[in-house]
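2 protein chains.
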Amino acid sequence: MAGTDHRRAGVSGGPAIILVAPQLGENIGTAARAMMNCGLGDLRLVRPRDGWPSKKAAAASSGAHAVLDEARLHSDVPAAIADLVHVYAATARDRDMVKREVTPRQAAQEMRDYIAAGEACGVLFGPERTGLLNDEVALADTVLTVPLNPAFASLNLAQAVLLVGYEWFAAASAAPAERLRTGQSRRATKDELMRFFEHLEEELDRNGFMRNAEKRPSMVRNLRNLFQRAQCTEQELRTLHGIVTAFAGPRDRDRTAEEAESKSRPSPSR
Amino acid sequence: MAGTDHRRAGVSGGPAIILVAPQLGENIGTAARAMMNCGLGDLRLVRPRDGWPSKKAAAASSGAHAVLDEARLHSDVPAAIADLVHVYAATARDRDMVKREVTPRQAAQEMRDYIAAGEACGVLFGPERTGLLNDEVALADTVLTVPLNPAFASLNLAQAVLLVGYEWFAAASAAPAERLRTGQSRRATKDELMRFFEHLEEELDRNGFMRNAEKRPSMVRNLRNLFQRAQCTEQELRTLHGIVTAFAGPRDRDRTAEEAESKSRPSPSR
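So the protein sequences, as listed, match chains A and B. Residue numbering for the first sequence follows the working numbering, beginning at 150 and increasing consecutively. Residue numbering for the second sequence follows the working numbering, beginning at 150 and increasing consecutively.
If you're looking for bench data, these hints aren't it; they were derived computationally from the structure. Hints may be right or wrong, so weigh each one.
[As the list claims (entries may be wrong)] Derived CB-CB ranges, DEER-like:
id: 1; chain 1: B; residue 1: Gln333; chain 2: A; residue 2: Arg198; range: 27 to 35 Å
id: 2; chain 1: A; residue 1: Phe358; chain 2: B; residue 2: Gly212; range: 54 to 62 Å
id: 3; chain 1: A; residue 1: Ala326; chain 2: B; residue 2: Gln172; range: 26 to 34 Å
id: 4; chain 1: A; residue 1: Arg344; chain 2: B; residue 2: Asp218; range: 55 to 63 Å
[Claimed, not checked] Here are some, though not all, of the chain B residues that point toward chain A, as calculated from beta-carbon distances under 7 Å:
id: 5; residue: Ala158
id: 6; residue: Gly159
id: 7; residue: Gly162
id: 8; residue: Met185
id: 9; residue: Glu250
id: 10; residue: Thr252
id: 11; residue: Pro296
id: 12; residue: Tyr315
id: 13; residue: Gln333
id: 14; residue: Arg336
id: 15; residue: Leu353
Just so you know, even glycine gets a beta-carbon here, dropped at the ideal spot from N, CA and C.
Using the sequences and the hints, build the whole thing.
Below, the structure written as structure tokens:
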């Protein structure tokens, strides 16, 4: 049942997020929301100061109940990480400690690999005001530090969880770095584009805009480049055809219509 | 003076963050905090619902005054983006619009390049509840969409600003993906490590732990690999030397001391 909820919520296996002695229920709620944004479902709480469950957490979670409802409560950090193989400690402060340190991006890639190999992972986050104790950091394999403005590096709890989760999600996201949204339409084919070029250039020839024969070839190239860059859809090309026809004016349109008629119908006199 | 503040706050040129019709002062404050976390200083506000300046914004900004104090107020989006060359519209919803779409990572890289070429950039964020209007999105070159759990993709305003700013900062961050923090100490040299190996193996030979001559070579290799993996500092090696000496026991230590003495001092009888 819980699994079903998780699947419907887009939440599936990923690192455990372990909040150590969080002070405010609100922050647990916003951290749960950030987890759900990033498809993470395994929330573990070590001695939350204001007790558990928390109405304030639920209210602040913006509906991330699939995460909050399955949060597990632990009495200390060793119990919370007992089943894990790889543990990261999120901390901004430099501590006088000999410890491997990674960025969230590096951690995300490593955790993807570990979890694919069946080795469970988790990330420890300390209380809002103080962060993790040095003894808690020493229980982790690796320190995780977000590269931020060194003059102003303090993040709130949910934002720290968000950045770790965002990198986790992005590490496997199929989202291309760049794409063209086309809504209900589709990109035009080159043949459709060519027919628009011909229509446009024909009307520009007709109204005398391209009467300078010397400049005509470069003007044609420039216009074609502009409309290539615009990456038009089929629907947009139809609009552009309509605009050219509208600008061509009533007399031109009539003449064009007459010409079209005279071409398609055999002259009665012949 | 303002520039001085900005420099001290680690804030320097970057894209403008344009909040369109933000509803809550708190969210302006937390967005300013997120900007400062990421070294961004150019905040622009279009018709903030609850007026400006805002005490709630200041209280929620956790001290990001260098950003809030210089925020500029605009009456509409065209005025807010007038001096910009490249504008991104942050939006999660898919709109029936033909528009280039990028991830925050791609946007960050592009904006780094544009700004280096002297072309000012900005990112539009819509009001908390509704996001940007379609007419506002149409004023941007490109849509910026954060890859997130599609079943739960809604971010609060400050978190959206944070993810855009984080990618901006990370795109130029010199932070290595992975490094070893060594605190006050330094990584040991191979010579220091070798002397520890010899000390350890000598004591293990002495107490009979490696009496199986056939297994001795692989045991030595395994131990040496383990301590190589641990990437010890010079300080840690001194601790390990002390531990080996302590384990060797008082009689051994005495004997070792005697031997050392007998080696270093010429025997009086000869």
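Results for each hint:
Range check, B/Gln333 to A/Arg198: about 33 Å between beta-carbon atoms, so the 27 to 35 Å window is met. At roughly 60 Å, the beta-carbon separation of A/Phe358 and B/Gly212 lies within the given 54 to 62 Å, and the hint holds. Between A/Ala326 and B/Gln172, the C-beta spacing of about 32 Å keeps the proposed range 26 to 34 Å intact. The beta-carbon spacing between A/Arg344 and B/Asp218, approximately 57 Å, falls within the hinted interval of 55 to 63 Å.
The interface hint given for B/Ala158 is met, as the beta carbon of that residue sits about 5 Å from the closest beta carbon of chain A, less than 7 Å. Taking 7 Å as the C-beta cut-off, the interface hint given for B/Gly159 holds, the closest approach to chain A being about 3 Å. Of the supplied interface hints, the one on B/Gly162 is violated, with its beta-carbon coming no nearer than about 13 Å to a beta-carbon of chain A, more than 7 Å. Annotation: interface hint on B/Met185 holds; nearest CB of chain A at approximately 5 Å, less than 7 Å.
Restraint check, B/Glu250 versus chain A: the minimum CB separation of about 5 Å is within 7 Å; hint holds. The criterion of a C-beta within 7 Å of any C-beta in chain A is met by B/Thr252, whose closest approach is roughly 5 Å, and the hint holds. Hint on B/Pro296 holds. Least Cβ distance to chain A is approximately 4 Å, under the 7 Å limit. Contact between B/Tyr315 and chain A, as hinted, is supported at the beta carbon level, the nearest pair being about 6 Å apart and thus within 7 Å.
Using the Cβ-Cβ criterion of 7 Å, the hint placing B/Gln333 at the interface with chain A is satisfied: the shortest such distance is roughly 6 Å. A cut of 7 Å between beta carbons decides the hint on B/Arg336: the least distance to chain A is about 9 Å, and the hint is violated. Evaluation of the B/Leu353 hint against chain A yields a violated restraint, the C-beta minimum of about 25 Å exceeding 7 Å.
Hint compliance for this structure: hints 7, 14 and 15 are not met, and every other hint is.
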